Amino acid sequence: MKHLTHIRDLGPEGVETILAQAAAWKGKAPAPLFLGRILGMVFFNPSLRTRASFESVMLRGSGNAIVMDVGSGVWKLEDRPGAVMNEDRAEHIKEAAPVLSRFVDMLGVRTFSAGGDDEQDEVDPVISAFRRHVTVPLVSMESAREHPCQGLADMLTLRENFGSTKKLPVTLTWAPHIKPLPKAVPNSFLLTAAAAGCEVRVAHPPGFELHPQVRAEAEAYAKATGGSITYTHDQAEALAGSRAVYAKSWGPATRSAHTAGDVSALLASHADWMTTRKTLSRAAADALFLHCLPVRRNVEVADDVLDHPTSRVIDGAENRFHVQRSILSWLLSA
Amino acid sequence: MKHLTHIRDLGPEGVETILAQAAAWKGKAPAPLFLGRILGMVFFNPSLRTRASFESVMLRGSGNAIVMDVGSGVWKLEDRPGAVMNEDRAEHIKEAAPVLSRFVDMLGVRTFSAGGDDEQDEVDPVISAFRRHVTVPLVSMESAREHPCQGLADMLTLRENFGSTKKLPVTLTWAPHIKPLPKAVPNSFLLTAAAAGCEVRVAHPPGFELHPQVRAEAEAYAKATGGSITYTHDQAEALAGSRAVYAKSWGPATRSAHTAGDVSALLASHADWMTTRKTLSRAAADALFLHCLPVRRNVEVADDVLDHPTSRVIDGAENRFHVQRSILSWLLSA
Amino acid sequence: MKHLTHIRDLGPEGVETILAQAAAWKGKAPAPLFLGRILGMVFFNPSLRTRASFESVMLRGSGNAIVMDVGSGVWKLEDRPGAVMNEDRAEHIKEAAPVLSRFVDMLGVRTFSAGGDDEQDEVDPVISAFRRHVTVPLVSMESAREHPCQGLADMLTLRENFGSTKKLPVTLTWAPHIKPLPKAVPNSFLLTAAAAGCEVRVAHPPGFELHPQVRAEAEAYAKATGGSITYTHDQAEALAGSRAVYAKSWGPATRSAHTAGDVSALLASHADWMTTRKTLSRAAADALFLHCLPVRRNVEVADDVLDHPTSRVIDGAENRFHVQRSILSWLLSA
Numbered sequence: 006m007k008h009l010t011h012i013r014d015l016g017p018e019g020v021e022t023i024l025a026q027a028a029a030w031k032g033k034a035p036a037p038l039f040l041g042r043i044l045g046m047v048f049f050n051p052s053l054r055t056r057a058s059f060e061s062v063m064l065r066g067s068g069n070a071i072v073m074d075v076g077s078g079v080w081k082l083e084d085r086p087g088a089v090m091n092e093d094r095a096e097h098i099k100e101a102a103p104v105l106s107r108f109v110d111m112l113g114v115r116t117f118s119a120g121g122d123d124e125q126d127e128v129d130p131v132i133s134a135f136r137r138h139v140t141v142p143l144v145s146m147e148s149a150r151e152h153p154c155q156g157l158a159d160m161l162t163l164r165e166n167f168g169s170t171k172k173l174p175v176t177l178t179w180a181p182h183i184k185p186l187p188k189a190v191p192n193s194f195l196l197t198a199a200a201a202g203c204e205v206r207v208a209h210p211p212g213f214e215l216h217p218q219v220r221a222e223a224e225a226y227a228k229a230t231g232g233s234i235t236y237t238h239d240q241a242e243a244l245a246g247s248r249a250v251y252a253k254s255w256g257p258a259t260r261s262a263h264t265a266g267d268v269s270a271l272l273a274s275h276a277d278w279m280t281t282r283k284t285l286s287r288a289a290a291d292a293l294f295l296h297c298l299p300v301r302r303n304v305e306v307a308d309d310v311l312d313h314p315t316s317r318v319i320d321g322a323e324n325r326f327h328v329q330r331s332i333l334s335w336l337l338s339a
Numbered sequence: 006m007k008h009l010t011h012i013r014d015l016g017p018e019g020v021e022t023i024l025a026q027a028a029a030w031k032g033k034a035p036a037p038l039f040l041g042r043i044l045g046m047v048f049f050n051p052s053l054r055t056r057a058s059f060e061s062v063m064l065r066g067s068g069n070a071i072v073m074d075v076g077s078g079v080w081k082l083e084d085r086p087g088a089v090m091n092e093d094r095a096e097h098i099k100e101a102a103p104v105l106s107r108f109v110d111m112l113g114v115r116t117f118s119a120g121g122d123d124e125q126d127e128v129d130p131v132i133s134a135f136r137r138h139v140t141v142p143l144v145s146m147e148s149a150r151e152h153p154c155q156g157l158a159d160m161l162t163l164r165e166n167f168g169s170t171k172k173l174p175v176t177l178t179w180a181p182h183i184k185p186l187p188k189a190v191p192n193s194f195l196l197t198a199a200a201a202g203c204e205v206r207v208a209h210p211p212g213f214e215l216h217p218q219v220r221a222e223a224e225a226y227a228k229a230t231g232g233s234i235t236y237t238h239d240q241a242e243a244l245a246g247s248r249a250v251y252a253k254s255w256g257p258a259t260r261s262a263h264t265a266g267d268v269s270a271l272l273a274s275h276a277d278w279m280t281t282r283k284t285l286s287r288a289a290a291d292a293l294f295l296h297c298l299p300v301r302r303n304v305e306v307a308d309d310v311l312d313h314p315t316s317r318v319i320d321g322a323e324n325r326f327h328v329q330r331s332i333l334s335w336l337l338s339a
Numbered sequence: 006m007k008h009l010t011h012i013r014d015l016g017p018e019g020v021e022t023i024l025a026q027a028a029a030w031k032g033k034a035p036a037p038l039f040l041g042r043i044l045g046m047v048f049f050n051p052s053l054r055t056r057a058s059f060e061s062v063m064l065r066g067s068g069n070a071i072v073m074d075v076g077s078g079v080w081k082l083e084d085r086p087g088a089v090m091n092e093d094r095a096e097h098i099k100e101a102a103p104v105l106s107r108f109v110d111m112l113g114v115r116t117f118s119a120g121g122d123d124e125q126d127e128v129d130p131v132i133s134a135f136r137r138h139v140t141v142p143l144v145s146m147e148s149a150r151e152h153p154c155q156g157l158a159d160m161l162t163l164r165e166n167f168g169s170t171k172k173l174p175v176t177l178t179w180a181p182h183i184k185p186l187p188k189a190v191p192n193s194f195l196l197t198a199a200a201a202g203c204e205v206r207v208a209h210p211p212g213f214e215l216h217p218q219v220r221a222e223a224e225a226y227a228k229a230t231g232g233s234i235t236y237t238h239d240q241a242e243a244l245a246g247s248r249a250v251y252a253k254s255w256g257p258a259t260r261s262a263h264t265a266g267d268v269s270a271l272l273a274s275h276a277d278w279m280t281t282r283k284t285l286s287r288a289a290a291d292a293l294f295l296h297c298l299p300v301r302r303n304v305e306v307a308d309d310v311l312d313h314p315t316s317r318v319i320d321g322a323e324n325r326f327h328v329q330r331s332i333l334s335w336l337l338s339a
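Protein sequences, first through last, are from chains Y, B and V. Sequential numbering from 6 applies to the first sequence in the numbering used here. Sequential numbering from 6 applies to the second sequence in the numbering used here. Sequential numbering from 6 applies to the third sequence in the numbering used here.
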């Protein structure tokens with residue numbers, strides 16, 4: 006049985022398979038790909054694009070989705086093996102995952118990082134518990150370590166605009182925020198861009214390094230695909246010659262930076278990392294702008310970037326639909 | 006592309022179109038009017054009738070609905086142009102509206118008035134932001150200024166019972182409540198009743214005047230349709246000869262009445278405006294009772310009115326289904 | 006019009022009808038049993054299995070469900086006749102039930118016991134108010150007194166494993182918990198097991214007696230079916246020779262035990278009632294373990310019981326689907 010919770014489930018070859026199918030089906034009349042099929046969607050965290058796009062994929066393919074919100078409409082769920090369950094989590098994933106598997110054909114789970122502990126994000130406890138206990142294919146709708154659907158949608162957007170991603174110079178640039186965000190999206194951009202053969206530049210202030218295991222995994226993909234990855238604290242250096250700029254905020258690298266002292270002040274001290282038209286002027290003349298959304302306007306990215314014709318944020322969001330249709334079809338294939 | 010966020014989108018002629026189609030289809034076997042179509046429903050506020058009736062319209066027409074709750078299941082949304090988004094609203098409607106438009110065929114939005122500021126209600130900032138940024142037809146499921154589906158359902162109820170609404174004497178009477186409510190429903194009753202040619206009487210205590218712009222718009226409709234509108238502080242005077250009584254609570258006219266002093270005390274001081282059988286005895290002998298629901302029994306309206314054979318509150322709620330089927334079909338027509 | 010809110014709506018004969026149809030359809034390709042039909046689902050309380058299983062039943066039968074959460078997405082509802090509605094409940098079931106009935110073909114309601122008042126649970130005020138005011142068939146998704154779908158699913162699980170439930174020795178054993186739980190599930194197990202002809206043994210600590218009216222009703226069913234019921238405070242005595250062990254926690258029998266003193270301490274004082282492999286060793290050699298879920302692992306039941314091959318908790322949860330398909334089909338039959 007197939008699952009897609011991390012890019013390593015696909016590797017560079019699988020990334021090509023998903024993207025090729027997504028591109029082939031885009032714009033064509035939707036076929037009843039999911040006739041009689043149900044996707045169960047379990048949300049531990051809020052969602053707009055993910056909820057609407059996955060549900061739309063199922064409905065437009067003549068299938069259906071069942072949406073469950075953990076902690077409001079649904080019991081809080083325990084993931085720790087052997088737990089003595091005498092606190093607020095009323096049900097264990099050991100039961101929830103196999104039980105839901107009896108009622109649906111595929112399961113999607115969204116579960117954000119608890120924040121501030123990259124080692125725990127590597128373990129990815131909630132999605133991993135689901136993976137151990139489901140009996141139907143599982144797809145990540147973003148977990149602590151990765152948001153693979155987002156990374157794949159970003160690659161589709163790049164390919165549509167540039168034809169190929171082979172050795173395409175792209176910058177992932179850190180953005181300011183009012184609070185420390187999870188690293189699932191930057192991790193996924195890095196991993197999928199490397200798997201798609203991009204020349205990836207990652208720019209961030211000191212102290213915001215991505216996790217060594219994620220970086221090593223991306224490095225291996227780049228080596229396999231002829232891509233490359235460089236890291237810098239100098240935004241302008243990264244941008245030089247970049248054909249695409251991907252802005253995203255994420256929290257500090259070390260746990261101590263979250264707990265000791267004022268994270269807000271740390272984030273605010275890098276307010277000049279906000280992407281503006283001036284920032285973009287340092288990239289290639291035809292550079293496009295991408296962001297995963299939601300975006301805090303005039304904090305992460307200036308209005309004039311988002312409202313400029315070179316922005317692909319709305320097209321990029323639409324591509325969530327197209328890659329997810331491809332993913333769900335792949336999950337159901339033998 | 007068509008939208009229906011305010012009665013001015015229809016005018017008296019459009020009101021006739023919607024009502025005629027709703028009446029023609031009522032009671033007939035539902036056709037696959039919405040085959041393969043998805044209505045996205047965005048709720049900033051709770052709903053029972055609206056959620057169930059819109060979803061039922063889509064399902065009975067072989068379509069589907071995707072339901073999103075802002076602030077619980079979905080990110081809080083920003084509507085202000087140029088906002089520096091460093092507070093709790095994580096996403097701008099400038100992104101949310103066009104992104105959702107890529108996943109659905111129509112969008113519905115419910116967004117109550119923030120309360121106490123009629124000028125802001127005239128601006129109707131949230132639904133207006135959606136209207137600017139959607140790329141599919143938009144329908145209001147109640148916004149700050151109006152609740153057009155409710156007003157149209159009320160007119161259908163009147164026509165079913167009285168054959169015609171031309172010069173039909175109807176009273177909109179203010180009702181007591183435990184808190185100041187938005188004016189979307191009374192505004193919509195006034196506007197649609199005027200557009201349908203009714204002889205409208207509006208009765209309320211001093212200080213609860215409806216907004217001058219709404220009144221002027223209704224006046225223009227009445228002039229065009231041969232209807233009329235009168236305002237009084239004397240409930241009995243309004244009721245004399247009325248064939249239908251529509252009770253509804255709303256808040257004070259001026260912002261100062263909300264902020265300065267005790268609104269609850271103000272509302273309580275008019276407790277005798279509650280509709281009882283005795284109130285209704287002042288109307289025509291065959292007068293019917295309507296209310297948009299939800300209704301606070303024995304605060305706004307007495308049990309004996311709601312449980313009396315002359316009440317049309319349940320039939321009126323059912324008519325939400327019928328006018329909404331007509332509206333959504335009209336929105337999708339070229 | 007048929008309703009299923011309590012086992013008395015079926016009696017022993019109806020229980021047989023539901024179980025026979027559920028068994029006959031299990032494993033067969035789903036037919037379009039619910040083509041064009043909508044089940045409205047109103048949740049006053051959280052749910053995982055119930056929500057997913059009912060929605061799946063409708064979707065797999067070519068129908069649909071509309072899900073509403075009272076108090077978050079939907080107004081809080083009043084059930085008391087004659088109430089002066091000046092508190093937080095904005096809508097009366099007298100309106101909500103008939104209005105929803107206009108938009109759907111069947112209604113399901115989940116409404117837990119307020120807790121600690123068995124007399125009120127007997128009255129079962131919320132589901133009873135819905136029953137009085139709906140105009141379409143109503144099914145309980147658990148109310149204060151009973152959870153009939155759960156009881157029926159448990160009987161299906163027993164029959165699948167043992168062929169027949171006639172004089173089958175089964176133990177319902179009380180389990181420890183961190184808080185006092187409603188009695189709907191133990192009540193329903195008792196009632197359905199008696200109606201299915203089991204030899205039922207109920208074991209619990211002193212002070213946790215089930216309500217006399219429930220016990221009397223179960224006794225009548227047992228008399229009619231050749232079953233039997235015994236009560237004991239001695240878990241080992243009950244288990245001797247039992248072919249199935251059903252563990253479930255519930256609160257004290259008397260209201261005073263809830264209000265006076267520390268319920269948590271009372272519950273904790275019976276921590277040794279947790280079901281372990283050692284507990285099960287006192288039952289028959291081939292004894293199976295059942296639980297309605299959610300289960301607090303290592304509080305109510307030890308890991309080694311739930312993870313043992315003799316556990317039927319996941320299969321039992323799947324049977325919710327099968328009995329509910331049978332129930333909804335029965336509700337719609339003339």
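These are calculated hints, taken from the structure and not from any lab test. Fair warning: there could be bad hints in the mix.
Said to hold, decoys possible - Straight-line C-alpha distance at most 25 Å; calculated DSS-like pairs for lysine-lysine:
(1) B:K184 / V:K184
(2) Y:K184 / B:K81
(3) Y:K81 / V:K283
(4) Y:K81 / V:K81
(5) Y:K7 / Y:K31
(6) B:K81 / B:K171
(7) Y:K81 / B:K184
(8) B:K31 / B:K7
(9) V:K81 / B:K81
Predicted, not measured: the structure shown is a model, and the values here were computed from it.
- Query: Does the structure break any of the earlier hints, and which numbers would those be?
  - Reply: 1, 3, 6 and 7
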